[in-house]
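Q: Sequence:
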Amino acid sequence: MTLSGPRRPPRSGKPPNAIVIFVHGYGADGSDLISLADHFAPVLPDALFLSPDAPGMTPHGGREWFPLTMRDPSEYKRGVEAAAPHLDRYIDAELERHSLDESRLALVGFSQGTMMSLHVGFRRPRPIAAVVGFSGLCAGAQADAVRPAPTLLVHGTHDEVLPAAFTLQASQVLGEAGIPVEWHFRPGLGHGIDGEGLGMAAVHLQTHLSKVPQV
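Per this note's numbering, the sequence shown starts with residue 1, numbered consecutively.
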């Protein structure tokens with residue numbers, strides 16, 4: 001299956017020199033996150049923003065990277081491993097289409113999309129530029145995460161879907177694997193993304209993607 005979904009071309013009108021891929025959560029689709037491009041384009045005017053639809057369908061008609069039936073750690077791990085090839089093939093095709101490599105790629109995930117980003121992002125053929133994860137968790141150990149990337153995790157303290165403690169656990173797991181990680185709690189925020197979190201993400205992406213590659 002070939003993934004597809006909304007995209008936003010570079011604000012500058014130039015060919016892209018970076019790609020930011022939004023990885024949506026369970027029950028949503030690519031249209032749920034593509035508007036985040038509006039927040040990041042001012043600091044990344046030459047970036048292409050992509051938001052693919054996950055390959056699976058939920059019982060209620062939304063999209064899923066993998067089914068959520070028991071919500072236990074082993075299910076998350078099996079799920080990301082099964083879904084990873086779909087996202088990897090999508091990434092491969094987009095990098096090739098725009099003559100870019102992983103050094104010009106960032107993944108931004110939400111919820112289940114964070115699980116996917118934290119799995120795929122550290123297992124590409126070459127290190128990617130950055131990972132951002134909102135309101136998610138790390139699905140299993142990262143001992144085989146052989147290509148670390150600078151990672152930002154942001155989580156609401158009032159998240160009742162995936163409690164904020166998951167971000168503390170993820171930061172520990174990532175740190176033990178040698179992955180540079182920064183994390184922030186957003187007081188009073190539930191399972192979502194707020195303006196402060198977007199601001200942090202914009203700084204993170206700009207820091208790691210703003211350097212223009214040498215031709």
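Honestly, the hints are just simulated from the structure, not real lab data.
It cannot be assumed that every hint is accurate.
Label-pair distances were calculated between CB atoms; the ranges are [what the hints assert, rightly or not]:
# : residue 1 : residue 2 : range
1 : His98     : Gly195    : 23 to 31 Å
2 : Ala141    : His60     : 14 to 22 Å
3 : Arg89     : Gly195    : 29 to 37 Å
Backbone N, C-alpha and C define an ideal beta-carbon position, used for all residues, glycine too.
Q: In ascending order, which of the hints set out earlier in this document are inconsistent with the structure?
A: 2
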